[in-house]
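Input sequences plus hints: build the corresponding full structure.
As given, the protein sequences belong to chains A and B, one line each in that order. Take the first sequence: its letters are residues 1 to 460, numbered as in UniProt numbering. Take the second sequence: its letters are residues 1 to 113, numbered as in UniProt numbering.
Hint data in this document are derived by calculation from the structure and do not stem from the laboratory. For clarity, every value in this text was computed on a predicted model and none was experimentally measured. Ideal placement from N, C-alpha and C gives every residue a C-beta, glycine not left out. Please note: incorrect hints may appear among the correct ones.
Partial list, derived from the structure: chain A residues whose beta carbon lies under 7 Å from chain B [unchecked claim]:
#1 V255
#2 R258
#3 P450
#4 Y453
Over the 10 Å line for every Cβ pair with chain B, so calculated as not near, a few chain A residues [unchecked claim]:
#5 D117
#6 Q143
#7 T153
#8 S184
#9 R222
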Amino acid sequence: MQKPPLLTRRELLKVGSSLGVGSLLPFSSLSANTLQTQAHIVILGGGAAGMAMANRLTKRLKGGTITLVEPRETHHYQPGWTMVASGVWNAAKTMRPNAQFMPRGVNWVREHAADIDADNKRITLANGETLEYDFLIVATGIQLNYHLIEGMTPELVGQHGIGSVYASIEGASRTNQAIQTWLSSGQGKGIFTAAPTPVKCAGAPLKMTFTTLSRLEASGQRDAFTVDYMAPGAGLFSQPWVDEFVKQRFDDQSVNRRHYYRLSAIDPHAKQAEFAFVGPESEFTSHHELREAEFRRDNRPTVIADYDFIHVVPPMSAHDFVKQSALIAQDGPFRGEWLDVDIHTLQHNRYPEVFGIGDVIGAPINKTAASVKAQAPVVEENLLAVMQGNALPARHMGYTSCPMITGIGKAMLVEFGYADNFAFMPSFPFIDPTEESWAVWVMKDRMLQPAYYAVLEGQA
Amino acid sequence: MTIGGILTILMYTLAPFIWLLMIGLTIIIGLLLLAYLRGYQITHHHSHLASLLAVLIGLTAFLWVPWLTHSTLGYVATVVDWIALIGAAIATFVIAFITLHPLSYLIRLQNEK
Numbered sequence: 001m002q003k004p005p006l007l008t009r010r011e012l013l014k015v016g017s018s019l020g021v022g023s024l025l026p027f028s029s030l031s032a033n034t035l036q037t038q039a040h041i042v043i044l045g046g047g048a049a050g051m052a053m054a055n056r057l058t059k060r061l062k063g064g065t066i067t068l069v070e071p072r073e074t075h076h077y078q079p080g081w082t083m084v085a086s087g088v089w090n091a092a093k094t095m096r097p098n099a100q101f102m103p104r105g106v107n108w109v110r111e112h113a114a115d116i117d118a119d120n121k122r123i124t125l126a127n128g129e130t131l132e133y134d135f136l137i138v139a140t141g142i143q144l145n146y147h148l149i150e151g152m153t154p155e156l157v158g159q160h161g162i163g164s165v166y167a168s169i170e171g172a173s174r175t176n177q178a179i180q181t182w183l184s185s186g187q188g189k190g191i192f193t194a195a196p197t198p199v200k201c202a203g204a205p206l207k208m209t210f211t212t213l214s215r216l217e218a219s220g221q222r223d224a225f226t227v228d229y230m231a232p233g234a235g236l237f238s239q240p241w242v243d244e245f246v247k248q249r250f251d252d253q254s255v256n257r258r259h260y261y262r263l264s265a266i267d268p269h270a271k272q273a274e275f276a277f278v279g280p281e282s283e284f285t286s287h288h289e290l291r292e293a294e295f296r297r298d299n300r301p302t303v304i305a306d307y308d309f310i311h312v313v314p315p316m317s318a319h320d321f322v323k324q325s326a327l328i329a330q331d332g333p334f335r336g337e338w339l340d341v342d343i344h345t346l347q348h349n350r351y352p353e354v355f356g357i358g359d360v361i362g363a364p365i366n367k368t369a370a371s372v373k374a375q376a377p378v379v380e381e382n383l384l385a386v387m388q389g390n391a392l393p394a395r396h397m398g399y400t401s402c403p404m405i406t407g408i409g410k411a412m413l414v415e416f417g418y419a420d421n422f423a424f425m426p427s428f429p430f431i432d433p434t435e436e437s438w439a440v441w442v443m444k445d446r447m448l449q450p451a452y453y454a455v456l457e458g459q460a
Numbered sequence: 001m002t003i004g005g006i007l008t009i010l011m012y013t014l015a016p017f018i019w020l021l022m023i024g025l026t027i028i029i030g031l032l033l034l035a036y037l038r039g040y041q042i043t044h045h046h047s048h049l050a051s052l053l054a055v056l057i058g059l060t061a062f063l064w065v066p067w068l069t070h071s072t073l074g075y076v077a078t079v080v081d082w083i084a085l086i087g088a089a090i091a092t093f094v095i096a097f098i099t100l101h102p103l104s105y106l107i108r109l110q111n112e113k
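This is the structure in structure tokens:
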């Protein structure tokens, strides 16, 4: 029989925090007051946002019930998928058991959510069971809509020269293999695409292009390969300075930029992709009306492009069961696609007992794990305020971060927020967000994953 | 980011390597203890070879530290990059020195017997 470890990693960190160094740390569990309650709080989703909220609320609430709905047993460190797809990390490095992060006392329901009845405060699960709630935190993440690209399915990733870092961890590994196969062929055309919707980790399509360029250059045969980047809008990245930087760098590295093209169909066997020309009115993170127009293919000029490798970025949205609920945005830019929350308080705009966090919320930026780090304390404080009938004290300023990998071994620490047209919000005054840096790469390679786990456990 | 936040992340970063750090510390402390028990004093013992080797090992950090992080020396570009890498090289030198210096004393003692 296997002996249990003397100390788990979590217990070790708790011991550490209770000793010397720990006394310096602003752990919420050490400083914040707890609230006595009988409320039932349901958290939908056990990704970064849901798990962080479960850990934070467990520390803050006494007497209530916290239910977390998450069917997966494995927690995926998704920010590491670009490293896997670029051949830098092994897939196993990004996976941990969800049980490792699940706080004691949380009722973990291993089932998919199927319906939200916001008027009656009721969740229906895929197995037909229902959950009543007093307060709801929607942290369901994002839905990948590969089906909006005709002929494309996530199962195709890794075959016929198709890659897609977003598909899954297996998809990221197969993307790496597809790139390697293309490199081994010694020549050919690679097409990198972007989606005409908001996407999680909006830098990932660019990072995949940059790391592949690194691999092409390392092969010593860069000139034998053609690289195209097909963007649905005028921009490549939401932060204006970075947008200009990436465009210039692509030009310098002989990447053919083509704007206003959306991947509309793919023929895997012929290795051909169809792009619809969506016109200069298109925007990078397009609004609902525009997306609707973009996905209408009638009378839309298209071009057919041959490829040897293609990186597919699927259109994304909230999950269907969220879209079909009353919680979805009814008007404005996120109408019909994303959760309707106040982007500062993260409280639902029409259901005050509901909060949203993470990729699912309708916000102009913020679909990153770094945003979850900034959002989690806001949701925690504001939810507790609502439970006590108080005014909402905390505001999210839109902080998000993207370690923009500009090559395998270097990166820029791009941090920005809502204000001043997505102005930089650097965490470290000594790191210039406009400089490519090895130290920032080391942060991405070595430190951001531990930081992510600290967020999950409600410690950062 | 606060100092507390940085320390929290450092603790999480180091947590998987604590066993390795403990083994390394045990070896170094054991060696120092053994040498001290046999009359070793850091200021009295001179070993040019140990010092030279420690310096050389420290300098190798400029190659293997970027490699260990899936990068290359060519991408060490900013002031922060250089401070970090020089810091890593100095740390490597110190660890090499406090290992090799008492070791050289023990070897010399053994040879004198």
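Hints versus structure:
1. V255: Interface hint status for A/V255: violated (20 Å vs cutoff 7 Å).
2. R258: Given a least distance of 29 Å, the restraint on A/R258 is violated.
3. P450: holds, 4 Å
4. Y453: For A/Y453, the interface hint holds, since the closest Cβ of chain B sits about 6 Å away, which is under 7 Å.
5. D117: holds, 39 Å
6. Q143: Label holds. Min Cβ-Cβ 30 Å, cutoff 10 Å.
7. T153: Label holds. Min Cβ-Cβ 32 Å, cutoff 10 Å.
8. S184: The claim holds: A/S184 sits with its nearest Cβ about 21 Å from chain B, beyond 10 Å.
9. R222: The assertion about A/R222 holds, with a minimum of 16 Å to chain B.
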